[in-house]
Every structure is written in structure tokens, then in C-alpha cells.
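For the protein sequence lines, the chains are S and R, in the order given.
According to the working numbering, the first sequence is numbered sequentially starting from 1.
According to the working numbering, the second sequence is numbered sequentially starting from 180.
Bear in mind the hints are in silico, worked out from the structure with no lab data behind them.
None of the values given here were measured: they were computed from a predicted structure.
From the three backbone atoms N, C-alpha and C, an ideal C-beta is built for every residue, glycine too.
You may find that some hints are simply not true.
Unchecked claim - Computed Cβ-Cβ distance ranges for the label pairs, DEER-style:
| no. | chain 1 | residue 1 | chain 2 | residue 2 | range |
| --- | --- | --- | --- | --- | --- |
| 1 | S | I13 | R | Y213 | 43 to 51 Å |
| 2 | R | P239 | S | Q48 | 45 to 53 Å |
| 3 | R | R297 | S | F136 | 36 to 44 Å |
| 4 | R | Y213 | S | W143 | 41 to 49 Å |
| 5 | R | F338 | S | N109 | 30 to 38 Å |
| 6 | R | E317 | S | H20 | 28 to 36 Å |
| 7 | S | Q30 | R | Q342 | 48 to 56 Å |
As the list claims (entries may be wrong) - Covered stretches of chain R (chain S as the covering partner; in silico rule of three or more C-beta atoms under 8 Å from a C-beta of chain S):
| no. | stretch |
| --- | --- |
| 8 | 208 to 221 |
| 9 | 224 to 230 |
| 10 | 254 to 264 |
| 11 | 342 to 355 |
There are 2 protein chains.
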Amino acid sequence: MNFCSSCGARVMIQVPQGDHLPRHVCSSCQTIHYSNPKVLVGSVPVWQGQILLCRRAIMPRAGYWTMPSGFMENGETLQMGAARETFEESLARVTIEDLMSVINIAAHNQVHVLFRARMNGPEHGPTPESSEVRLFSEADIPWEDLAFRTVSQTLRHFFEDRQLGQARLHLVDLDTTRF
Amino acid sequence: MNFCSSCGARVMIQVPQGDHLPRHVCSSCQTIHYSNPKVLVGSVPVWQGQILLCRRAIMPRAGYWTMPSGFMENGETLQMGAARETFEESLARVTIEDLMSVINIAAHNQVHVLFRARMNGPEHGPTPESSEVRLFSEADIPWEDLAFRTVSQTLRHFFEDRQLGQARLHLVDLDTTRF
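Using the sequences and the hints, build the whole thing.
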């Protein structure tokens with residue numbers, strides 16, 4: 001950030017009065033520009049016991065598999081965002097169920113929020129963000145070709161919970177999203 | 180937003196190629212400026228069965244009572260943010276326990292995340308943000324003078340759960356934060 005998005009003047013980095021962290025502050029209109037963590041929302045879509053995964057068509061980790069997920073948008077709830085991202089990345093319509101994983105990735109200023117989801121029908125397909133979209137049984141999950149540590153950990157939790165017959169919430173801290 | 184924070188030129192509102200929502204896009208360097216929901220983090224601090232509340236010294240709802248909470252900062256986890264905000268608003272040092280409430284306030288582009296917390300000692304006191312900080316037993320909670328609907332709902336859930344002897348997660352959608 002170099003310029004004030006409100007008035008166009010140069011911004012400085014300083015600790016505003018009564019604050020405790022350095023912020024971008026406008027040299028002209030004094031507007032304080034805060035930067036805050038972003039929320040990623042997504043789902044683990046299930047159809048007849050199988051899990052829907054997407055092969056990433058975009059960087060980073062193009063060619064690797066992930067749950068459908070993406071940045072939460074203004075004006076939506078976590079559940080709305082998770083259903084929207086699932087459709088955008090996989091063309092699958094889902095009913096969002098319970099909150100399964102909340103993953104802190106402090107180093108990337110992100111919180112990932114994943115829900116268990118029931119597919120409303122078997123329909124799914126490739127999208128601009130996913131070169132391939134496929135249902136996997138547990139035995140076929142491509143563990144070596146998952147895009148991020150968030151994916152492998154969430155899928156491990158999903159299968160553990162299913163084995164136990166429990167719908168647990170997993171609150172996780174990760175240093176990074178990569179393997 | 181009127182100006183590009185990167186190069187200082189005017190921004191336009193348009194739907195970028197491959198996107199589906201209008202964004203602020205720079206007329207000169209083409210940078211896309213996204214705006215995303217913010218996360219508020221906080222806690223319900225407990226000391227010997229009593230709950231710590233703060234009387235707001237600042238707008239909105241100055242003079243009304245709330246749990247300590249505030250915007251999550253870059254570089255921290257939800258739990259770190261909840262403990263930091265608790266100290267900043269009440270001078271109480273807490274140990275964050277389980278995730279209690281996740282509250283969507285889509286109309287305000289916010290997600291509130293509240294944790295149950297154990298106070299490490301009885302110390303607490305007023306701060307620039309809180310004109311008064313007090314421990315309340317359940318019978319003394321100032322229900323008529325709570326600052327926001329998020330506060331009353333979270334406290335109701337807290338006491339229900341305590342009565343049941345369960346530590347449940349409450350996923351809530353609210354239209355607004357006000358009563």
C-alpha cells in the first residue's frame with residue numbers, strides 16, 4: 001500500500017494514537033487503513049459415501065487435488081460462501097451440514113472454515129478453476145497428490161470422524177498451507 | 180475506495196474477467212482490490228463461576244455491557260486474537276478454551292468467533308475501551324443493558340451449556356448486531 005484509497009495522497013506507516021500496531025495512515029486525510037486476516041470457506045461434499053475433490057487448474061499447486069474452497073465474500077454467511085465456492089469450483093450443488101474444521105494459518109493471515117456437505121445430486125464437472133472434478137472412495141483418495149496440508153488434514157479428520165460415527169469440530173493451527 | 184492503493188490512479192468498479200462480482204479495479208495498473216468480511220474474536224472469561232463483562236467506553240453502544248472482543252489482526256490465530264482482545268479491553272489474562280460461538284453477520288460483512296476462557300487470576304480493570312470491568316454471577320447479568328444481540332445470545336448459550344454440563348458449538352446467523 002502506497003496511496004490512500006480514499007483521497008489518493010501518500011500513506012505513511014505509523015502507530016495511530018490509542019493503537020498498538022503500525023498501520024497505513026494517510027498523510028493528508030489521516031484515514032487509517034487496516035489490514036485484517038481473510039476467511040477461506042469450503043466443503044467436503046459427499047455423494048453416496050464418496051468425496052468430491054477438484055484438481056486445481058490454477059496456481060498455486062496446479063494439477064494437485066483439493067476440496068472446493070475459496071475466499072469468503074462480503075454479504076454472505078460462512079455457509080453461503082462454502083456452498084457458492086463448492087458450486088463455482090465443482091458444479092456440484094450441496095447442502096451445507098455441520099462445521100468440521102477451523103484452521104488458523106497465522107503466517108498467511110488466513111482462517112480456513114470447512115463444512116461437511118451433502119451433494120444434492122450426482123452432478124459435477126470441470127470449471128475454469130478445476131481441470132477435473134471426481135468422486136473418490138476413501139481407498140482411492142490421492143494422498144500423494146493433495147494440494148495443501150489443509151486438505152490432507154481435513155480429509156484425515158473426515159474419515160476418522162466417519163469411522164467413529166461422530167461429527168466433531170477440529171480447531172487446528174498450521175504453520176503453512178503447503179506440504 | 181476512490182484511488183488505487185498501489186499506484187494512486189483512479190479506480191473503476193467492474194467485473195474482472197473470470198470473476199462474477201464487481202470489484203474496484205485500477206484504471207492504470209489494473210490491480211484488483213478485493214474487499215472481504217472481517218473476523219471479530221473474543222471470549223467469555225470465567226473466574227470462580229463468574230463471567231467478566233466490560234462496559235463500553237466507546238461508540239457504538241457506549242455505556243452498555245459486552246464480552247471483550249475486537250477485530251482479529253494479521254499474524255495471529257483466532258485464539259491469540261481472543262486472548263489479546265480480552266486483555267486489551269479488560270486487563271484480564273485468560274487461557275482460551277473451546278470454540279463456543281461462530282456468528283455470521285452477513286449484513287455487516289463480519290464473522291464473530293467467541294471462545295470459552297478461564298481467567299488466570301482475578302485481576303481485571305478499566306481500559307481506554309472499557310469504562311468499567313466487572314465479574315457477574317448469572318443472576319446479576321445486566322440483560323437489559325447488553326450492547327449487542329451477539330452478547331445476549333452468546334451469554335444465553337453459555338449458561339444453557341453450563342446447566343447441561345456440555346461445551347457445545349453454536350453456529351448462528353444474525354441479521355444485525357443490535358438489539
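Take the C-beta atom of Y213/R and the C-beta atom of W143/S, compute their distance, and say whether it sits inside 41 to 49 Å. 32 Å, violated
How does the Cβ-Cβ distance of E317/R and H20/S compare with 28 to 36 Å: does it lie in that range? 33 Å, holds
Starting from the range 48 to 56 Å, see whether the pair Q30/S and Q342/R falls in it by beta-carbon distance. The hint (48 to 56 Å, Cβ to Cβ) holds, given that Q30/S and Q342/R are roughly 49 Å apart.
Between the beta carbons of P239/R and Q48/S, is the distance compatible with 45 to 53 Å? Since P239/R and Q48/S have Cβ atoms about 49 Å apart, the given range 45 to 53 Å holds.
Examine the stretch 254 to 264 of chain R: at least three residues should have C-beta closer than 8 Å to a C-beta of chain S. holds (count 6)
Verdict on chain S covering the stretch 208 to 221 of chain R, criterion of 3 CB contacts below 8 Å: holds (count 7)
If I claimed the Cβ atoms of F338/R and N109/S lie 30 to 38 Å apart, would that claim hold in this structure? 34 Å, holds
Check whether three or more residues of the stretch 224 to 230 of chain R sit with their beta carbon closer than 8 Å to a beta carbon of chain S. n = 0 at 8 Å, threshold three: violated.
Cβ separation of I13/S and Y213/R, checked against the hinted range 43 to 51 Å: Given range 43 to 51 Å: violated, Cβ gap about 22 Å.
Using the beta carbons of R297/R and F136/S, state whether their distance is inside 36 to 44 Å or not. Given a distance of about 41 Å, which is inside 36 to 44 Å, the answer is holds.
Given coverage of the stretch 342 to 355 of chain R by chain S, checked by CB-CB distance under 8 Å (3 or more): Coverage by chain S holds here, the residue count being 3 at a Cβ distance below 8 Å.
In summary, the structure is inconsistent with hints 1, 4, 9 from the numbered list given earlier, while agreeing with the others.
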